[in-house]
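Student: For the sequence shown, my numbering gives the first residue as 376, with consecutive numbering after it.
What the hints contain is simulated information worked out from the structure, not anything from laboratory work. It should be emphasised that the depicted structure is a prediction, and the values quoted were computed from it without experimental measurement. Watch out, some of these pointers could steer you wrong.
[Claimed, not checked] Derived BS3-like pairs: lysine-lysine, alpha-carbon spacing no greater than 25 Å straight-line:
(1) LYS454 <-> LYS435
(2) LYS452 <-> LYS509
(3) LYS492 <-> LYS377
(4) LYS514 <-> LYS454
(5) LYS423 <-> LYS492
(6) LYS377 <-> LYS521
(7) LYS435 <-> LYS493
(8) LYS452 <-> LYS377
(9) LYS454 <-> LYS493
(10) LYS377 <-> LYS423
(11) LYS452 <-> LYS423
(12) LYS435 <-> LYS423
(13) LYS435 <-> LYS514
[Said to hold, decoys possible] Label-pair ranges, simulated between beta-carbon atoms:
(14) GLU399 <-> LYS521: 19 to 29 Å
(15) GLY506 <-> GLU412: 18 to 28 Å
(16) ASP487 <-> GLY401: 22 to 32 Å
Think of the CB as a built atom: it goes at the ideal place given N, C-alpha and C, for glycine as much as any other residue.
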Amino acid sequence: MKIGIGCDHGGIVLKGAVIEAITELGHDYYDYGTFGEESVDYPDYAEKVCHAVLQGEVDKGILICGTGIGISIAANKFKGIRCAHVTDEFQAQMSAEHNDANIIALGGRVSDVVLAKKMVKKFLETNFAGGRHKNRVDKIFRIEEKNFH
Numbered sequence: 376m377k378i379g380i381g382c383d384h385g386g387i388v389l390k391g392a393v394i395e396a397i398t399e400l401g402h403d404y405y406d407y408g409t410f411g412e413e414s415v416d417y418p419d420y421a422e423k424v425c426h427a428v429l430q431g432e433v434d435k436g437i438l439i440c441g442t443g444i445g446i447s448i449a450a451n452k453f454k455g456i457r458c459a460h461v462t463d464e465f466q467a468q469m470s471a472e473h474n475d476a477n478i479i480a481l482g483g484r485v486s487d488v489v490l491a492k493k494m495v496k497k498f499l500e501t502n503f504a505g506g507r508h509k510n511r512v513d514k515i516f517r518i519e520e521k522n523f524h
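Could you build the full structure based on these sequences and the hints that come with them?
Tutor: The structure is reproduced here in structure tokens:
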């Protein structure tokens with residue numbers, strides 16, 4: 376699996392742990408930036424990763440900003456993106472298993488390195504359960520069809 380990573384300056388430190396978790400699982404990654412601690416705007420990096428997911432350049436994405444909130448809001452403005460802001464392993468698992476999330480968002484200023492690695496691993500190791508959950512995800516698609524032009 377190939378994973379797209381994007382972050383703003385608030386996520387730059389945590390990004391290293393995310394890359395470690397991805398490579399420990401044997402996956403490849405593509406880093407869409409940022410690459411330093413200079414202040415940048417998180418929507419720019421959400422956009423890069425979302426386009427990569429939607430165009431099939433990567434299979435899933437991981438986004439990081441200071442809290443994970445802003446970058447997840449930006450990501451969910453793209454039709455076809457299901458980005459879950461996660462703060463623990465259970466949420467990471469459920470985002471994949473029940474919501475078929477194709478991106479998770481983490482908070483670089485609120486999650487420590489150990490927890491971040493656990494959340495990434497749980498997200499990447501968990502498959503979508505389908506069944507009744509597919510019906511719910513399909514409803515999300517129908518909402519998108521009505522509201523995104």
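Student: Decide, hint by hint, whether the structure agrees.
Tutor: Here is how each hint holds up against the structure:
1. LYS454 <-> LYS435: Holds, at roughly 15 Å.
2. LYS452 <-> LYS509: holds (21 Å)
3. LYS492 <-> LYS377: holds (17 Å)
4. LYS514 <-> LYS454: Given that 25 Å is the threshold and the Cα spacing comes to 13 Å, the pair holds.
5. LYS423 <-> LYS492: Distance ~22 Å between LYS423 and LYS492 Cα, so the pair holds.
6. LYS377 <-> LYS521: Not satisfied, since the Cα-Cα distance of roughly 31 Å exceeds 25 Å.
7. LYS435 <-> LYS493: Between LYS435 and LYS493 the Cα gap is close to 16 Å, so the pair holds against 25 Å.
8. LYS452 <-> LYS377: holds (22 Å)
9. LYS454 <-> LYS493: violated (28 Å)
10. LYS377 <-> LYS423: Cα-Cα ~15 Å, so holds.
11. LYS452 <-> LYS423: holds (13 Å)
12. LYS435 <-> LYS423: holds (12 Å)
13. LYS435 <-> LYS514: holds (21 Å)
14. GLU399 <-> LYS521: 19 to 29 Å: Cβ of GLU399 to Cβ of LYS521: about 41 Å, so the range 19 to 29 Å is violated.
15. GLY506 <-> GLU412: 18 to 28 Å: violated (44 Å)
16. ASP487 <-> GLY401: 22 to 32 Å: holds (24 Å)
In summary, the structure is inconsistent with hints 6, 9, 14 and 15 from the numbered list given earlier, while agreeing with the others.
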